[in-house]
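Enquirer: Between the sequences and the hints, there should be enough to build the whole structure, so can you do that?
Now for the letters of each chain:
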Amino acid sequence: MSEPATPTTRSTPPPASAPAVDASCRSAVLSLLVPAAFWLVWSSVAGLAASIKMHGPGFLAESAWLSFGRLQPASLTALIYGFLLPSALGTALWLVARLGRTPLRLGSLAVAGALMWHLGVAVGQCGLLAGDTTGHPLLEMPGYASPILLVGYLLAGTAAMVTYAARREPRLYVSQWFLLTALFWFPWIYATASVLLVASPVRGAFQAVVAAWYGANLGGLCLGFFALAALFYWVPKELNRPLHSEYLAMAAFWMFLVFCGWVAIPTHLPVPAWIPSVSTVFTVFTVVPLLAVALNFRRTFHGEGARGNPVLRLAWWSVLALLVSGMMAIVLAVPSAARILAFTYFVPAQLLLGLYGFVGLALMASGLAIVPRLLGAELPSKRLVGVQVGAAVAGIFLYAGALAAGGWMQGRALNNPAIPFNDVLQVAMRGFRLGTLGELLILAANMAWLVNLVWALARHTRLAWAPAWAEVTRPQTTEAGQ
Amino acid sequence: MNHGPLLFLGALLALVASWFGFIVQPQLQLGRAVPETNIVDTAQVHPLAPAGMVRQGAEVYRSLGCAACHTRQVRQEGVVFDVVLSGAGTNAPAVTEALRQLGLQPPAGDLASALTNAPMVVFEGVGRARADAAVKTLTDAGGKAAFQVVPTGPDILRGWGKARSVAADYLYEAPALLGSQRVGPDLSSIGLRMPSAEWHLQHLYAPRAMVPKSAMPPYRFLFETVPARSTPTVDALKLPPGVAAAPGFEVVPTAEARALVAYLLSLRGQAPLLSRPMSAPPVAPPGGGTNAIPAATNTPAK
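Those sequence lines, one after another, are chains A and B.
In short: position in the first sequence from 1, add 74, done, that's the numbering used here.
In short: position in the second sequence from 1, add 1, done, that's the numbering used here.
It cannot be assumed that every hint is accurate.
[Claimed, not checked] Not the full set, but computed from the structure, chain B residues with beta-carbon under 10 Å of chain A:
| hint | residue |
| --- | --- |
| 1 | GLN26 |
| 2 | ALA169 |
| 3 | GLN182 |
| 4 | PRO218 |
Everything labelled a hint here was simulated from the structure, so no lab data went into it.
Fair warning: this is a prediction, and the values are worked out from it, not measured in the lab.
For every residue, glycine included, the Cβ atom is placed at its ideal position computed from N, Cα and C.
Expert: Printed below as a string of structure tokens:
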């Protein structure tokens, strides 16, 4: 993916200062992060509405736009394409510039890309609610949104790549390896999935393989790698201590790279048996890099914990969510366990713990750390930050725990044909009720982040315009006084 | 020394390996799949190309996200065997003796005529070795015996299908809506389990009127409430008192609702294929082997 440090013969310009880097990134990163915070709130609102429908099917049942089968994928795709991917891109742009000690190149291209991306998400969400869903898990936003998203991504991604090439710090840090891989791999898998599932669908059940492969690569090698890049940067940075072992991190990088593309094809898919079997083997292998990453962070934290620092607190829980969701994915890949757990709430519990718990919390941590640097001021409300961190962590673990336990009971009941089907659902609902409480907490956390971010932006804008405003409204006096 | 290009190539290879393995290779294996003509015991083709109304219904199914709660894939844990004796041949006493050897009580009276009236199930749900041995014993004695393959598993015991789903079942589907969540029951063979179009329409309009405690939301937007005419519309739903339209009004399904029901009725389980051995007789599609779809009618639910 990248080159090791090589002594260059051409004269490189001197490394840029941190404030200069921050200033160059400001508009590009904010135009990715701010709309992302809106999508995050929309995602949890749609998720909560879908969740309430599970308890009372008559809720909001009068309109096709608000049917469960549309709200639920809308919630998930808004989380992935609305919040996670643009937040990851924003983090990537900032990190590539900061680690390369160079101002962001092609900043206006990145801004255009960001706006285009978010336009694509808006088109996709409207299309989905209008009934144009593709029907493929994690790729539900309609096909006409895909080109907009892809072009937007390529514009912002180009800025990141050009900035990387123009770096003034030859030494590479592990975060850059993860970042560049994810940056490169997303357009490949997204284009593959969009073409083979939507534009010119492959035959029959093979679509399910393509969709599962896309989901695994999106979650692991793209979103997961972006999140790990952020964690590997922010944890040592905020602890003010080097990473325990860069070699261990690199070992995990290569193992994830080799294994993660093959994971998470459901064992029950009606396709030739070698496909899920190979996938099971690779999924079990991922236990090694998972433990390597967890060990690396454990040693880096050195038993000190988060010291009340919100970025570190989110990062700590994010690593835990990675470990737990990774283990849940391995359990789901073992046929004897999947026999019980497939088709139950255990599957969405694992998915959301990975997406929101691991990737989401890591990118939130990154946002909490980057935004004050970009704006040159602390976030307006420390209390809102506390609410965000506490509610997000409690919410996602409550949600995942309740649904995983409910899913286990649901699966046991499903596999007992003596239990009538309607009673199976009553069993599962016990877990689901707690899950809804978790979703409420997640909504509160997301609202807190949005409010804090918009507040910070408003304050920054006011302060930025204040001198100009003062200039305009200044009484006409001589400048002798100053 | 500059290892850059080498590292880049290594990383690229690692990434692209899974793309070749799970995208390119299955495309070579499955991409050119054609309908199978080798349904066991019949000359039918599987699967049949769906009729126009069924295809429209599949679009409604996709658009409303029905697959968020319903799977359409049946799992199977294995197979067991039934041994059936269908004739005594020319040497009834020998077959009677063979049955005794197998530890069974032969039916009273004349074995040959008893078997002609009703073939005798010698063993049910036994393993392959025992079934083979029993068939051999009975055949050696001159009887006409065979074993039947019976797929097993909770999904099959729930009546969701006669055997597991295989790739061939989804040949004509784009998107193939397999589903991943069983909030609602599996629909692989809903057209067999619930063959009444009227029932499906009523159920879509008011699920809890048909299935108590159902978690399915009512899909009232697939129906229109119109002023009743002097003679009731042919399509008007017969609804139980709690959910019926106000006096002077009647509920009629839209084209979307009718298409969706046509699609549901077209889901008629799994045919026996060489890749899916089972002895259950294939279900003949309605209309004598064509793929015509039963129209929505007012036939009351059975």
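Enquirer: Taking the hints in turn, state whether each one holds.
Expert: Verification of the hints:
1. GLN26: 9 Å, holds
2. ALA169: Holds, about 8 Å.
3. GLN182: Since the shortest Cβ distance to chain A is 6 Å, the answer is holds.
4. PRO218: Since chain A brings a Cβ to about 4 Å from B:PRO218, closer than 10 Å, the hint holds.
Taken one by one, the earlier hints all hold for this structure without exception.
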